[in-house]
Amino acid sequence: MSNVYSPTDPRFAHLGPEKFRLRQTDAVLLDAKFETKPIGFFRDAAMRFAKSKISIVALIAISIIGFMAIVGPYMTPYGYNDQNLDYINLPPKIPALARFGIFQGTRVLQNRRVDALSDTSRYPEGSIIRIDNRRVMGGVELCDVTVDYYRYMGIDDDVYFLFGTDYLGRDLWTRVWRGTRVSLIIAIVSVICNVSIGLVYGSIAGYYGGSIDMTMMRITEIIDAMPDVVVVTLFILYFGSGLISIILALAVKNWIGTARMIRGQFYRFKNHEYVLAARTLGANDARLMFRHILPNSIGPIITRAMIAIPSAIFTESFLAYIGLGIRAPESSIGVLLSEGQKVLLYYPEQTFFPAVIISILMIGFNLLSNGLRDAFDPTQRGTE
Amino acid sequence: MVITLFIIITIGFMVIRLMPGSMYADDADMTAAQMEILRAKYHLDKPIPVQYGIFLRDLVLKGDWGTSIKMYIGVPVFDVLKMKIPVSMYNNLFSLLISLPIGVLLGIIAAVRKNSIVDYTTSFMVVIFISVPSFIFATLLQYYAAFRSGWFPIIYEASATGFAKLHSLTLPIIALSLGPIARVTRYLRAELAETINSDFMLLARTKGLTEAQAILRHGIRNSLVPLANVVIPMFTHIMSGSMVIERIFSIPGMGGLMVSSINNTDYPLTLAVLIFYSVVSLVTVLVVDLAYGVIDPRIRIGGRHIE
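If you read the protein sequences in the order shown, they are chains A and B. The working numbering puts the first sequence at residues 1 to 384. The working numbering puts the second sequence at residues 1 to 307.
The shape of chain A in the complex, shown without the other chains:
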């Protein structure tokens, strides 16, 4: 017979339950169940990301440009390669903004003869807006005329080109957004290629280590020693300057950085106990690599991809500039910039819009990648 108390035991009949008192009735069990939801890795990162206002602004700017790149070309009745020789080099005219005095479709014509101003065959009615700078040179009275260029060219009032037109009368609004789309596609697809290659290569080198790692890293060092210009040029020389070959040319060297980063991550994590545990449970190499070790690197991978996008956009427009990139009539930001460059001194507005868009994209992606890096890895904040 044990001496353990039990209320039904007749020996303890004189000790009713009311004689007992719980020692800790006032203690509240706080962690009985979690009141809040657990915060996962991405949620955590997203919360930190949302705190950084500048990253949010960058994200919004990029989203707007991305959205316009998708729908922009369909917003006007003109195709990206519709040429109309009546509408050459028109200035931008945005009816919604015209009343604020910008983008009215005006242009200053310099050194015009004053006596020709009343000639309605040259200056149609209502086309002259302002006359300045009257002067006499060589017995002829000259002046600078600000004209409504659309009326001056005899174009109907309801015809307008939001960003103007180029030297073949193509609508620049359509071309700019189509170019943005092409540039973004090139950048994103090439970054996907380079991350995929770098991921697999770096995983294998980092996981197996030893002589495999050694050989694979030597190979990357040799490829890395070749200057970008040379690699990209040779690649495009050989495969031609189509969309695909530019995408691949951009990936030829860029995967190396990703591969090194992944390899470093593998060296950091592959000797952890949880990997050993998974291996003991019979996980094979591929499962260990891609299911257990690689997910640790998801933050750096995303950050790296974001850094690679602006550099891909840069290289694409760089190639178009030196004549190795996308060829006309297809449009890309680089093509537009280099076409605008040719007429910069006469029609600077043709360079203005692509330049603004590429600048916003580049700044936006740089800020976004900074924000993402801080969000995924707060210990890296402020370092480069």
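Simulated from the structure, these hints should not be mistaken for lab results. Please note that a few of the clues may not be correct.
[To be verified] Going by beta-carbon spacing under 7 Å, a handful of chain A positions derived as facing chain B:
| no. | residue |
| --- | --- |
| 1 | Leu234 |
| 2 | Tyr238 |
| 3 | Val356 |
| 4 | Ile360 |
| 5 | Met362 |
[What the hints assert, rightly or not] No farther apart than 27 Å at their CA atoms in a straight line, the calculated lysine-lysine pairs in the DSSO-like style are these:
| no. | chain 1 | residue 1 | chain 2 | residue 2 |
| --- | --- | --- | --- | --- |
| 6 | B | Lys114 | A | Lys53 |
| 7 | A | Lys51 | B | Lys114 |
| 8 | B | Lys82 | B | Lys114 |
| 9 | B | Lys82 | B | Lys165 |
| 10 | A | Lys342 | B | Lys165 |
| 11 | A | Lys51 | A | Lys37 |
| 12 | B | Lys82 | B | Lys41 |
| 13 | B | Lys114 | B | Lys207 |
Cβ coordinates follow ideal geometry from the N, Cα and C atoms, glycine included.
Position chain B against the provided structure of chain A, taking the given hints into account.
Only chain B this time, still in chain A's reference frame:
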């Protein structure tokens, strides 16, 4: 390094020779016999490995880079390069030389006055200058500083010498330098801000150095080592950037040479330009490796690199 160069030359040669079409395919006014003679003259009738052997033999033993066959007919490639390289290098080195000290200076100021208005302004400029491509700045400068205001020539004046030459190269050099300046500034600011808080900096001030002395003698020296890592990609960046800048400002340099040699299918010239770019970037790597030893005596050749 020699091995890398050899591989680059080999790949370059093979790619260029294996390109579809002959170098003379588009010269319709040439008879078959003439074409045969030309092909024999430039060894184009032999198998590609043999061509490659001949090319290497001439290059290594005689220093003969071959002859330009389309653009500068009959002129040795080496002479063409000799004409173009100084123009490009003048630009690139100049922009490297001005961007390093300016970047270092701005980086120090931003690090010392951390979290002040100066620091924020610098950081803001740095983001803009790093992000926006150099050719956008070149275009802006060309339009506003050259065309609208007339302070500088719109395009490069090839005949100018001395100060006038520098004057006409000012805008290209500025456009090339903005990015590198921002890069150096950002890097040095991050490095120095960390170094300033370390123990040996406290010691340096405890032993009686002023803040300026401590930073100049102890802080910067430590921050320069990782900076050397930035210089290599920076210089190759300047070089590729200068190809576009040369085009915008009509500077007759290597960038233009490469593009026109490709478009004119002048392959010996293309190959030589590509080899030139490879050599320059390899030499940059070497120089930076050697500079480690000077900047930081703890690292000597033969030891492990700090990565």
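Tested hints:
no. : hint                 : result
1   : Leu234               : holds, 5 Å
2   : Tyr238               : holds, 5 Å
3   : Val356               : violated, 9 Å
4   : Ile360               : violated, 9 Å
5   : Met362               : holds, 4 Å
6   : B:Lys114 to A:Lys53  : holds, 20 Å
7   : A:Lys51 to B:Lys114  : holds, 22 Å
8   : B:Lys82 to B:Lys114  : violated, 47 Å
9   : B:Lys82 to B:Lys165  : holds, 19 Å
10  : A:Lys342 to B:Lys165 : holds, 23 Å
11  : A:Lys51 to A:Lys37   : holds, 20 Å
12  : B:Lys82 to B:Lys41   : holds, 24 Å
13  : B:Lys114 to B:Lys207 : holds, 24 Å
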